[in-house]
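Asker: Sequence:
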Amino acid sequence: MSDKPNSTATRPIVTRFAPSPTGALHIGGARTALFNWLYARHTGGKFLLRIEDTDRERSKPEHVAAILDSLKWLELDWDGEPLFQFARADRHRAVAGELLARGHAYKCYLTPDDLAAMRARAEAEKRPYVVESPWRDADPATAPAGTKPSLRLKTPRSGETVVADQVQGRVVIPNKDLDDMIILRSDGAPTYNFAVVVDDHDMAVTNVIRGVDHLTNTARQTQVYHAMDWPLPAFAHIPLVHGADGAKLSKRHGAQGTDEYRAMGYLPAALRNYLSRLGWSHGDDEIFSTAQAVAWFDVADVGKSPARFDFVKLGDLNGHYIRASSDAELMAHIRAFLPHAEGGALLSASFAAAGWDKLAAALPGLKERAKTLPELVDGARFIIAQRPLALDDKALKLIDADAKLAIRNLSALFDDSPAWDAPSLEAIVRGYAEAHGQKLGKVAQPLRAALTGRSVSPPVFDVMVALGKTEALARLGDQA
RNA sequence: GCUCCCUUCGUCUAUCGGUUAGGACACCAGAUUUUCAAUUUGGUAAGACGGGUUCGACUCCCGUAGGGAGCGCCA
726 MSDKPNSTAT
736 RPIVTRFAPS
746 PTGALHIGGA
756 RTALFNWLYA
766 RHTGGKFLLR
776 IEDTDRERSK
786 PEHVAAILDS
796 LKWLELDWDG
806 EPLFQFARAD
816 RHRAVAGELL
826 ARGHAYKCYL
836 TPDDLAAMRA
846 RAEAEKRPYV
856 VESPWRDADP
866 ATAPAGTKPS
876 LRLKTPRSGE
886 TVVADQVQGR
896 VVIPNKDLDD
906 MIILRSDGAP
916 TYNFAVVVDD
926 HDMAVTNVIR
936 GVDHLTNTAR
946 QTQVYHAMDW
956 PLPAFAHIPL
966 VHGADGAKLS
976 KRHGAQGTDE
986 YRAMGYLPAA
996 LRNYLSRLGW
1006 SHGDDEIFST
1016 AQAVAWFDVA
1026 DVGKSPARFD
1036 FVKLGDLNGH
1046 YIRASSDAEL
1056 MAHIRAFLPH
1066 AEGGALLSAS
1076 FAAAGWDKLA
1086 AALPGLKERA
1096 KTLPELVDGA
1106 RFIIAQRPLA
1116 LDDKALKLID
1126 ADAKLAIRNL
1136 SALFDDSPAW
1146 DAPSLEAIVR
1156 GYAEAHGQKL
1166 GKVAQPLRAA
1176 LTGRSVSPPV
1186 FDVMVALGKT
1196 EALARLGDQA
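Here the working numbering = 1-based position in the first sequence + 725.
Since the hints were derived computationally from the structure, they do not count as laboratory data.
Careful, some of the hints might be misleading.
With a straight-line cut-off of 27 Å between C-alpha atoms, the simulated DSS-like cross-links for lysine-lysine are [as the list claims (entries may be wrong)]:
| # | residue 1 | residue 2 |
| --- | --- | --- |
| 1 | K832 | K901 |
| 2 | K832 | K879 |
| 3 | K973 | K1029 |
| 4 | K785 | K1092 |
| 5 | K1119 | K1164 |
| 6 | K851 | K873 |
| 7 | K1167 | K1194 |
| 8 | K1129 | K1119 |
| 9 | K1092 | K797 |
| 10 | K771 | K1029 |
| 11 | K797 | K785 |
| 12 | K973 | K879 |
| 13 | K901 | K879 |
DEER-style ranges, computed between Cβ atoms [said to hold, decoys possible]:
| # | residue 1 | residue 2 | range |
| --- | --- | --- | --- |
| 14 | A972 | D1052 | 39 to 47 Å |
| 15 | E800 | A849 | 46 to 54 Å |
| 16 | A1032 | D954 | 36 to 44 Å |
| 17 | V897 | A1057 | 49 to 57 Å |
| 18 | P899 | E782 | 46 to 54 Å |
| 19 | A1049 | Q1163 | 52 to 60 Å |
| 20 | K797 | R1112 | 35 to 43 Å |
| 21 | R1155 | A1199 | 35 to 43 Å |
| 22 | E800 | H1161 | 50 to 58 Å |
| 23 | I1012 | G822 | 23 to 31 Å |
| 24 | Y1157 | H767 | 30 to 38 Å |
| 25 | G1008 | R1133 | 58 to 66 Å |
Beta carbons are placed, not taken as given, at the ideal position from N, Cα and C, and that holds for glycine.
Given the sequences, and given the hints that come with them, work out the whole structure.
Answerer: The structure is reproduced here in C-alpha cells:
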C-alpha cells in the first residue's frame, strides 16, 4: 500500500480550512487557519474555505457568519467562495455508490442498538471497541426486510495504514484497530470522514494542515483515498494549543472564541504574530511582520509538542503592536474596537462629545502605556471626564494646601502663556519649580491630579495640550 | 483499557553528535524619569528519570515516569 503523496508535489499548492459552524471560531482553529493561510501564501498557492455543516442540529447560519467575520478580522483572506459541505451530499452519495459498485463498500444492517450492545460488551471485557460487521461478507439476499442499512467501507483487516505526516513523521496504525467506517448513514447522509475525503479531492487540496486530533481520522480517510484510487494529499497534523495548566484550552482559561480576543482589545497583527509562534519558530525571531511570516513559514518547521497559551506574552506583543501603530491606524483600531467592548457604545458617545481629536492628540502618550485597547481607552478617560472631576484617593492626597497654592500660581502663568504646547508649558513649570526650590515632581504631580483625577497618566504637559487651554485651566481652577 | 504522539529555564522556543545550552515573555536589581509606562544595562532560571550506542550525547536507541490526542450512524 502506497503512502506517497502521489504527484501532489508538482501540482500548485492548495490548502484549506474547514470549520464546522457550531460555535465561534475557536482560537486553536484560528491558528490552524493561520498555518494553512501562511503555507498557501508562502508557496503562492490557494487557501480555500469549506464549511462543514453536515451536523444539521448544531450548524447555524449565525455561526458561519461569526467564523467568516473572525477570519476577516484576522485578515486571513481565502480564495474563491466558501464551499458548504451539506450542499454536496448528492456528490458524496454518488461516490459512495461507486464504492459499493466496485465492491469497496457494503450494506451493513447492524442497528444503532446492536452497536451500543457491542460497545458495552467490549467495555465490559476491557477490549477495544472495533466493529466487525457480519454483513461484510454476508449474502445480500439474507438482508432483513424493513431495516435501512448503513454503508460501510470494506477495509483491510490485516496489515497497516501509514500516514506520512509532515509534522508527525511516519505514523503507523495497525489495520486491525481500524474498523470498517460508515460512509453513509442509514438515512443516506454521508459521514464526516467520508465527506471530507470527497471534498478535499474535488477541491484539489494538496496539503491538509489540521490539528493532531484528526490523526486517526487520517488513517481512515487514507483508506477511502485508496479505495477510490485517488492521489493522497500531503498531511500535516499540528499540535494542539493548551491552557496555562497544560489541559485543553477551555472556558476557565479565559477565552476560546476569536471574537473574545477581539473584545479583549488585541490587535489582529499581534494575535497573528503570537499564534504563529505557538509550535513554529524561525530561529530567534519573535516580532515579525506578516510578510516575513509568509516568507519564512514552512509546515516542516512546526514542532510536535503542544504549546501552552500565555496571555502575558500575548499582552507584551500586543503592546509592541500598539506602540508601533501610527496614530491614524490606532485611531481606526480603537473606533473599530469600541463596538465590541463592554460599555463601548457609551464610551464612543462620550469621546464623540468631547471630540475625537482630543483622543487623537493624546494618543502618542497613551500608546506607550497600554498593552491592550481597553487599557488604552481607560488611560484616556481623563479626556471624557466631566467637571468637576472626581479625584481618586491617591490624587486627592496630592492636593494639599501647598499644592493648591502652586496650582493657583501656575494657572495664572499658563493663562498668560502665548503658546499652548508641551515645551512652553513645561518651561513654565520648570521655571516655577526652580524658583521655589522644588523638584519638578513636587509640582507636576498635583497638576496631574487636578487635570486627570488620577496619580498616573501620560505626561502632564501632553495632557494639557490634549485637553486644550480652556478645559485645562477650568480643571485646575476646580482644584485651586 | 487499546492505538498513536509528546517531554530543553515558570512559559514560548533555538540547537539538527562536539556551544560557557542561545533568544523572547515573566521575574529580580541598576540606569533614565514629572507619575506610570516605554527605553536601557545586568542577573536568577532548563535538557523528566534510568540504561545503552559513541572518543563525545539535549541531540540516536531502549525502558520508566508524567502529559496529550483518538477510539460515535459528532464534526
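Asker: Are the hints correct? Go through all of them and say.
Answerer: Going down the list of hints, with the structure as the test:
1. For the suggested pair K832 and K901, the alpha carbons sit about 20 Å apart, so the restraint of at most 27 Å is met.
2. Between the alpha carbons of K832 and K879 the distance comes to roughly 10 Å, so the proposed pair stays at or under 27 Å and holds.
3. A threshold of 27 Å between alpha carbons decides the hint, and for K973 with K1029 the separation of about 16 Å falls inside it, so the pair holds.
4. Note on K785 and K1092: the hinted pairing is violated, with a Cα-Cα distance of about 39 Å set against a maximum of 27 Å.
5. For the proposed pair K1119 and K1164, the alpha carbon gap of about 19 Å is at most 27 Å, so the pair holds.
6. With a CA separation close to 31 Å, the supplied pair K851 and K873 exceeds the 27 Å bound.
7. Among the hinted pairs, K1167 with K1194 is consistent with the structure: their alpha-carbon atoms are about 22 Å apart, no more than 27 Å.
8. For a cut-off of 27 Å, the pair hint linking K1129 to K1119 stands: about 16 Å separates their Cα positions.
9. Between the alpha carbons of K1092 and K797 the distance comes to roughly 25 Å, so the proposed pair stays at or under 27 Å and holds.
10. Of the pairs offered as hints, the one joining K771 and K1029 holds, with about 25 Å between alpha carbons and a cut-off of 27 Å not exceeded.
11. For a cut-off of 27 Å, the pair hint linking K797 to K785 stands: about 19 Å separates their Cα positions.
12. Between K973 and K879, the direct Cα distance comes to roughly 34 Å. Violation of the 27 Å bound is thereby established for this hinted pair.
13. Proximity of K901 to K879 is assessed by CA-CA distance (about 12 Å); at most 27 Å being required, the pair is judged to hold.
14. Checked against the hint of 39 to 47 Å, the pair A972 and D1052 passes, with Cβ atoms roughly 41 Å apart.
15. Separation of E800 from A849 is about 52 Å and conforms to the stated range, judged on CB atoms against 46 to 54 Å.
16. In this structure the supplied range 36 to 44 Å holds for A1032 paired with D954, their Cβ-Cβ distance being about 38 Å.
17. Judged by the Cβ atoms, the range 49 to 57 Å given for V897 and A1057 holds: they are separated by roughly 52 Å.
18. Between P899 and E782 the beta carbon distance is about 34 Å. The supplied range of 46 to 54 Å is therefore violated.
19. The hint said 52 to 60 Å for the Cβ distance between A1049 and Q1163, and at roughly 37 Å that hint is violated.
20. Distance hint for K797 and R1112: a CB-CB separation of about 41 Å, consistent with the stated range 35 to 43 Å.
21. In this structure the hint that R1155 and A1199 lie 35 to 43 Å apart at CB is violated, the actual value being about 23 Å.
22. About 54 Å separates the C-beta atoms of E800 and H1161, a value consistent with the hinted range of 50 to 58 Å.
23. In this structure the supplied range 23 to 31 Å is violated for I1012 paired with G822, their Cβ-Cβ distance being about 54 Å.
24. At roughly 60 Å, the beta-carbon separation of Y1157 and H767 lies outside the given 30 to 38 Å, and the hint is violated.
25. The hint said 58 to 66 Å for the Cβ distance between G1008 and R1133, and at roughly 59 Å that hint holds.
In this structure, the earlier hints numbered 4, 6, 12, 18, 19, 21, 23, 24 are contradicted, and the remaining ones agree with it.
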